[in-house]
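> The residues making up each chain are set out below.
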Amino acid sequence: MNILWAFIVGGAICVIGQLLIDLTKLTPARILVLFVVAGCILGGFGWYDKLVEFAGAGASIPLPGFGNLLARGVKKAVDERGFLGVITGGFTAMAGGVTVAVVFGYLAALISSPKHKK
Amino acid sequence: MATQSDKKQYDEMVKAASPASTVGVNCIKAFLVGGSICAIGQVFYNMFHNRGFAKEDAGLMVAGILIVTAIILTVLGLYNKLGKHAGAGSVVPITGFANAIAAPAIEYKKEGLVLGVGAKMFVIAGPVIVYGAMASVVVGLIYYFVK
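Line by line, the protein sequences are chains A and B.
If you read the first sequence in the working numbering, its first letter stands for residue 1, the second for the next number, and so on.
If you read the second sequence in the working numbering, its first letter stands for residue 1, the second for the next number, and so on.
So that you can see chain A by itself, here it is in the shape it has in the complex (with noise of 0.2 Å):
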């Protein structure tokens, strides 16, 4: 059944995206940034919490999910470590995704040429 709303709630996101791209001209680039802020302040309030409660995957894998970590991140350390925990909290969330990533997309470089563009 969770697969279920994570397949609705997560495609749901991605029609707001491709509104947005259809709609209003921003290019991709700009759509990830504005997913991300949206989520880590929808995530400061805790309201983006309650969406992953609901639709899991279907909220998380999305990038607003991404700026969501970022606040819950930065509210656990500010929460464990103070004031330090301001300027360590969003890093230290956004290490794990942001690592896989450049590890394997440097390595995908690699071992891959460049194709030639017809």
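These are computed hints drawn from the structure, not numbers from a lab.
Keep in mind that the hints are not guaranteed to be accurate.
Claimed, not checked - Computed cross-link-like contacts, SDA-like style, restricted to lysine to any residue with a CA-CA straight-line distance of at most 25 Å:
hint, chain 1, residue 1, chain 2, residue 2
1, B, Lys84, A, Leu26
2, B, Lys84, A, Leu20
3, A, Lys50, B, His49
4, B, Lys29, A, Leu4
5, A, Lys76, B, Asp57
6, B, Lys109, A, Val103
7, A, Lys25, B, Val130
8, A, Lys76, B, Leu60
9, B, Lys29, A, Leu19
10, A, Lys76, B, Ala54
11, B, Lys84, B, Val23
Following the hints, complete the assembly by docking chain B onto the known chain A.
Same frame as chain A, now just chain B:
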């Protein structure tokens, strides 16, 4: 003559009809592809969660699997093909972020390992990380003073 005006009429009809329906079709494709990626993520999440992994760890493992898969598809040239059809459906999930790191890294390899691969990797991911970090500091500051 008749065919020419027919053609003209047809062109106008196509012009009038296509913007809205293109957006509609794009949205359906984005929904199906984006939803599927999230559903696959949920399947893995359930698997890890059932084996007793903590929420955060299971979440990171799911993200890791999706990121690595997206990068493999990028190397094979398949993710870009998917993106041509899926639009935001392949951009908005974390797999799109992984693709945004791997694709320029591969494409700019010829400019060297430092300023090619190392720098271009962050052409799109960089802004996401920068604004994500900014937003997290703002949220952290407010949280520190309000809580």
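> Which of the numbered hints above does this structure break?
Hints that this structure does not satisfy do not exist here, as all of them hold.
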